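Residue numbers (the numbering used here), protein chains in the order written: chain H, 1 to 111; chain U, 1001 to 1111.
Hints were generated in silico from the structure; no laboratory data involved. Only a predicted model underlies this, so the values are computations on that prediction, with no experimental measurement involved. Watch out, some of these pointers could steer you wrong.
[As the list claims (entries may be wrong)] Straight-line Cα separation of at most 25 angstroms, SDA-like style, residue types lysine to any residue; simulated pairs: (1) K1098(U) to H41(H); (2) K1069(U) to P1111(U); (3) K57(H) to T20(H); (4) K1003(U) to P39(H); (5) K70(H) to K1003(U); (6) K1003(U) to T77(H); (7) K1098(U) to T111(H); (8) K11(H) to E1055(U); (9) K1052(U) to R1081(U); (10) K1098(U) to T15(H); (11) K1098(U) to G16(H); (12) K1098(U) to V60(H); (13) K1098(U) to S67(H); (14) K57(H) to E1031(U).
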Amino acid sequence: DAGITQSPRHKVTETGTPVTLRCHQTENHRYMYWYRQDPGHGLRLIHYSYGVKDTDKGEVSDGYSVSRSKTEDFLLTLESATSSQTSVYFCAISDSTYEQYFGPGTRLTVT
Amino acid sequence: DAKTTQPPSMDCAEGRAANLPCNHSTISGNEYVYWYRQIHSQGPQYIIHGLKNNETNEMASLIITEDRKSSTLILPHATLRDTAVYYCIGAGGTSYGKLTFGQGTILTVHP
Chain H
1 DAGITQSPRH
11 KVTETGTPVT
21 LRCHQTENHR
31 YMYWYRQDPG
41 HGLRLIHYSY
51 GVKDTDKGEV
61 SDGYSVSRSK
71 TEDFLLTLES
81 ATSSQTSVYF
91 CAISDSTYEQ
101 YFGPGTRLTV
111 T
Chain U
1001 DAKTTQPPSM
1011 DCAEGRAANL
1021 PCNHSTISGN
1031 EYVYWYRQIH
1041 SQGPQYIIHG
1051 LKNNETNEMA
1061 SLIITEDRKS
1071 STLILPHATL
1081 RDTAVYYCIG
1091 AGGTSYGKLT
1101 FGQGTILTVH
1111 P
């Protein structure tokens, strides 16, 4: 399996609190992605990165921000969590864009 | 990215070949066909991809029709561990690997 980890794996937080999810890779891959998965919607891209400090928005970026200060880490931040952001979050990495390797996921519950 | 159409569900007997179809009639000339699968609660897993030639790897074979409007993913000897949701995705160009996941096909392998 590709060297990709996500932390935390589970988190429960209250509405209005900030939350940061971390994706860490040991593969030195250029591209990193954050997806969310919800019943009835499948996987949807939130943000992606094509290099250190190079990021862009995906399909469902409202309410989320990202940062990538070094190759191995890609952080997803919910500035003020809402119940609609309750979801499973997957990070993915790639060195060839479309052949992506996914992490184990983070289950986030916003109460 | 091309829109793809897959049957919502399929069944297969263990040890038999599983043939999963996908229609992608709007695929453009520079778009590849990618297949991923997602086993329950895990992150998606890359399986195979192709442009216009048939492809085979240790996991599966991909057969693409000559007009590129459809393809078939073949798992030659399905096992219970192949029970998963299978996604067919048309992707290419310069969109930094933004994968658009549809609803996929739920493949159930029976003993």
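Hints versus structure:
no. : hint                 : in the structure
1   : K1098(U) to H41(H)   : holds, 16 angstroms
2   : K1069(U) to P1111(U) : violated, 33 angstroms
3   : K57(H) to T20(H)     : holds, 17 angstroms
4   : K1003(U) to P39(H)   : holds, 20 angstroms
5   : K70(H) to K1003(U)   : violated, 35 angstroms
6   : K1003(U) to T77(H)   : violated, 31 angstroms
7   : K1098(U) to T111(H)  : violated, 30 angstroms
8   : K11(H) to E1055(U)   : violated, 41 angstroms
9   : K1052(U) to R1081(U) : violated, 29 angstroms
10  : K1098(U) to T15(H)   : violated, 29 angstroms
11  : K1098(U) to G16(H)   : violated, 29 angstroms
12  : K1098(U) to V60(H)   : holds, 12 angstroms
13  : K1098(U) to S67(H)   : holds, 18 angstroms
14  : K57(H) to E1031(U)   : holds, 21 angstroms
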